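Construct the entire structure; sequences and hints are all you get.
Protein sequences, first through last, are from chains P and Y. Take the first sequence: its letter number 552 is residue 552 in our numbering, and every next letter is one higher. Take the second sequence: its letter number 22 is residue 22 in our numbering, and every next letter is one higher.
Misleading hints may appear alongside valid ones.
Said to hold, decoys possible - Okay, the calculated bits of chain Y under chain P, using three or more residues with CB under 8 angstroms as the criterion: (1) 77–85; (2) 134–147; (3) 152–162; (4) 260–273.
Everything labelled a hint here was simulated from the structure, so no lab data went into it. Given the structure is predicted, the values throughout are model-derived calculations rather than measurements. Glycine included, every Cβ here is placed at the ideal spot set by N, Cα and C.
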Amino acid sequence: MRAVQGQDYWELVLSQIRRRKMSMAALFVLVVLYAVAVFAPFIANDRPLYFEGVDLQAYRKAQRELIVTVESLASEVREAGSAGEGAAAATERLDLEVAAIKTRLQVMGRQLGESQRRPLDDLSDEVDMTVEKVRDRATPEAERHAGRALQLAGEIRDQMSPVADPSEVVVGKTVALTPFRTFPAFQNLGRGDVFFMVLWILILFFPLWNRFWNQRILRGHRFRIRRARRHKMLLLFGLPALCALFWQGSAGEFYVSTYKSGLTAGSVIARHVAFAPIPYGLAESNEGESFRPPTWHTTSEIDDAGYYVRGPRAGRIDRATGIPKAGQPVQVEVGEPSANSFRRHLLGTDSLGRDLATRLVWGARVSLAVGLVSTVILVLIGTIIGSIAGYYGGVTDTLISRVIEIVQTFPVFFLILITVAFVGPSIMNIMLVIGFVSWTGVARLVRGEYIRLRGQDFVVASQALGVSSARTIFRHVLPNAMGPVLVAATFSVATGILIESSLSFLGFGIKLPIPSWGSLLIESRSAEHWWIQIYPGVLIFITVMLYNLFGEGVRDALDPRLKVTH
Amino acid sequence: MVPTLIGITLLLFAVMRLAPGDPAALAAGAVGDAGNASMQTTSNVEDAVTKFRKRYKLDEPLLVQYGFWLKSVLRLDFGNEFFRPNVAVRDELWQRLKVTVPLSLTSVLLSYLIALPLGIFSAVKRGTFLDSVSTSVVFLLFSLPTFWAGLMLILLFGATGLDWLPVLGLHDKDAETFTRWQYFKDLLLHVILPITCLTYGSFAYLSRQMRVGMLDVIRQDFIRTARAKGLAEKVVIFKHAMRNSLIPVVTLFASILPVLIGGSVIVETIFTIPGVGLYAFQGLVQRDYNVVMATATASAFMTLLGFLVSDITYALVDPRIAYD
Chain P
1 MRAVQGQDYW
11 ELVLSQIRRR
21 KMSMAALFVL
31 VVLYAVAVFA
41 PFIANDRPLY
51 FEGVDLQAYR
61 KAQRELIVTV
71 ESLASEVREA
81 GSAGEGAAAA
91 TERLDLEVAA
101 IKTRLQVMGR
111 QLGESQRRPL
121 DDLSDEVDMT
131 VEKVRDRATP
141 EAERHAGRAL
151 QLAGEIRDQM
161 SPVADPSEVV
171 VGKTVALTPF
181 RTFPAFQNLG
191 RGDVFFMVLW
201 ILILFFPLWN
211 RFWNQRILRG
221 HRFRIRRARR
231 HKMLLLFGLP
241 ALCALFWQGS
251 AGEFYVSTYK
261 SGLTAGSVIA
271 RHVAFAPIPY
281 GLAESNEGES
291 FRPPTWHTTS
301 EIDDAGYYVR
311 GPRAGRIDRA
321 TGIPKAGQPV
331 QVEVGEPSAN
341 SFRRHLLGTD
351 SLGRDLATRL
361 VWGARVSLAV
371 GLVSTVILVL
381 IGTIIGSIAG
391 YYGGVTDTLI
401 SRVIEIVQTF
411 PVFFLILITV
421 AFVGPSIMNI
431 MLVIGFVSWT
441 GVARLVRGEY
451 IRLRGQDFVV
461 ASQALGVSSA
471 RTIFRHVLPN
481 AMGPVLVAAT
491 FSVATGILIE
501 SSLSFLGFGI
511 KLPIPSWGSL
521 LIESRSAEHW
531 WIQIYPGVLI
541 FITVMLYNLF
551 GEGVRDALDP
561 RLKVTH
Chain Y
1 MVPTLIGITL
11 LLFAVMRLAP
21 GDPAALAAGA
31 VGDAGNASMQ
41 TTSNVEDAVT
51 KFRKRYKLDE
61 PLLVQYGFWL
71 KSVLRLDFGN
81 EFFRPNVAVR
91 DELWQRLKVT
101 VPLSLTSVLL
111 SYLIALPLGI
121 FSAVKRGTFL
131 DSVSTSVVFL
141 LFSLPTFWAG
151 LMLILLFGAT
161 GLDWLPVLGL
171 HDKDAETFTR
181 WQYFKDLLLH
191 VILPITCLTY
201 GSFAYLSRQM
211 RVGMLDVIRQ
221 DFIRTARAKG
231 LAEKVVIFKH
241 AMRNSLIPVV
251 TLFASILPVL
261 IGGSVIVETI
271 FTIPGVGLYA
281 FQGLVQRDYN
291 VVMATATASA
301 FMTLLGFLVS
311 DITYALVDPR
321 IAYD
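In structure tokens:
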């Protein structure tokens, strides 16, 4: 039989929270919402997740540009020769040209078979030789190698035009491309994306690896478990940071990729291609689908000429000008559902014909981040100021309490609105301003807790042992004062999201390049475009509600006296 | 009270100084944008810059600037609007206050009138189906963003939806020709949606607090005593329990008011109601510092007034509290 063991403060709190079904459910849905935000590139993207096939268009582009880059290499070599002594800058430019040539060769080479690649390898060797000779100041030889490289590049241009079908090959003129495989959506991830993806997975599986660690590695030894908490935190943030550090991908780019248009035009030929569930890019517009209602709705049906069949926009006469509108047929690219498929634009499109669902998925990143980061800022400020006021008391306390009183007197939203309007709306400014204006609630809570704890034995003991004030404040008192802060923080994430969306609604919010839910909502104020106004609002509402639900669970767990339900 | 007042003016002043660069140039830039690109504009801009600099004493040290600014606030002199130089901000603000204050007061009153009975009912019937329904509805309302609620109300009741209620402004276009009764009816129809929008948030907050307070009191010993000595349930609830749980809820008036004033910016913008909130919004959009500072000061003082009223009612409701 195991002895009944005492639990410390946080063990009690966590077990209490775990017992509340509603708030655990809210937490689960929140985790899913964050997953949508974190994994947005795999949910809504115009870059294929997986592509196997030939890319004639990329090959042609590289082939066309290859000769130009080799030509400029040759001219750099001539200049380096005539410049004589001051050649350091010239070799630097030379390196740039070499890098440009190598990139083109790589793009072409990955679509060529071993034997076909021979001229490319020769060219690569000649380029290397050229640079080597320039370094050795052997100008005539360098020019000879450059000339040879130029000749090879000319041959590649004339004799290696691409065709997709091996049976169409004309020897000495064209080559058949070999299919290659690539993961465009993955390659477009930035370091930040990778960090949060790994972090999210670690958090999701926390119960699993936490239990494994506790029972297998620490063998259920409770003091060792308690001590291991810090190591777990380190792992939780360290592992994602490491992954991000070693990630070799281009940083996230938002411009529209060429895969879909190439596939549609036939210049990219896929053997296998897999698109994200929502195959549209964040910035991908479609002229024929400006303000198209959700495609499951009857008013969104469009005929082949680009005219609406039903609903308020059905008339072919423009009501404003009186002349017939020019029809604009809907362009359907490869990978997209057909023009009138109900799942083409499940949530409609905006003024430029961009898919609203895509923009909502990406917008979740901004909205959720603003809530979290502003909360971190305000908790930090509030905790530090509240600790100082509560621990020292006296004049310090009076002064800080007065400041808190003054800031609280002011209508918070109004203050934030003015400040953001004056300092200029950017995501960082908004988070900072929310943090710097709304720390007072947390500061008051922390101050109260400190006043409660100040006289207790463990604090007096720590002071008697000669521990520094800073250590007493942050290592001994603070952990015992953080309960109410946790509750306030949960609610303030909701408030942060609300404030940001209200700011965006008034036109003082974040606009580019990724929209927030609030700024999506004001894409149109016309009641005719109801989907623009409904869906982003629903998401804001649900998120705020979930945070409030979870926050109530945490509050009940920490302070049963305040319980609302029973 | 007085230190708080001074603190608030300091805070306002600091916010105004937050603007990057020279406020005068920014203000003049706004003037320049408004005027058409004629030869006159340059001299207008220069004129505006000098005026602004003179007005806010921008060439003096900060403390002196603050002193002069405080003096003009105390004399209720907020200057003129940038775009309508012959309109004094004070007069316009007064006109707008006459719209916003009645709206806010009605909203507070309404939310108390609905929230208190609902909270009490919910607490008395705790654990029943009706209680859980009302608790859930109140919880949902509590999480509903004001601006979105406004948009949805317009979609639902406006011309494109059910077409039951007008959604813009406070009066119809031809309100001048109405009889007094028609005018009143028109006004009433126009304010239904904005007041709903302003009210539901504070209503939800209040009724939750009332329920918690009531539950807290009902558990106490004196309530058990009251029941034990055979008092009627009505007397126990309304005389013993309600009065005691009212005290904290009444003081919440002070914390509702700032939220209400912030919310009025949103609600008045959605429904284009010519109140202080819309005035502040327009000032911000046009970067009209005089208007922004005036509206900010006004809302801060309205909030302070609310605190004062709440303190006084506290003393009135709870005889144990006395101000020496």
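Quick rundown of the hints versus the structure:
Counting residues of the segment 77–85 of chain Y whose C-beta lies closer than 8 angstroms to any C-beta of chain P gives 0; at least three are required, and the coverage claim is violated. With 9 residues carrying a beta carbon less than 8 angstroms from a beta carbon of chain P, the segment 134–147 of chain Y meets the three-residue requirement, and the given coverage holds. Chain P is given as covering the segment 152–162 of chain Y, and this holds because 7 residues of the stretch bring a CB closer than 8 angstroms to a CB of that chain, at least three being needed. Using a Cβ-Cβ cut-off of 8 angstroms, 6 residues of the segment 260–273 of chain Y lie near chain P, which meets the minimum of three, so the contact claim holds.
When held up to the earlier numbered hints, the structure conflicts with hint 1 and nothing else.
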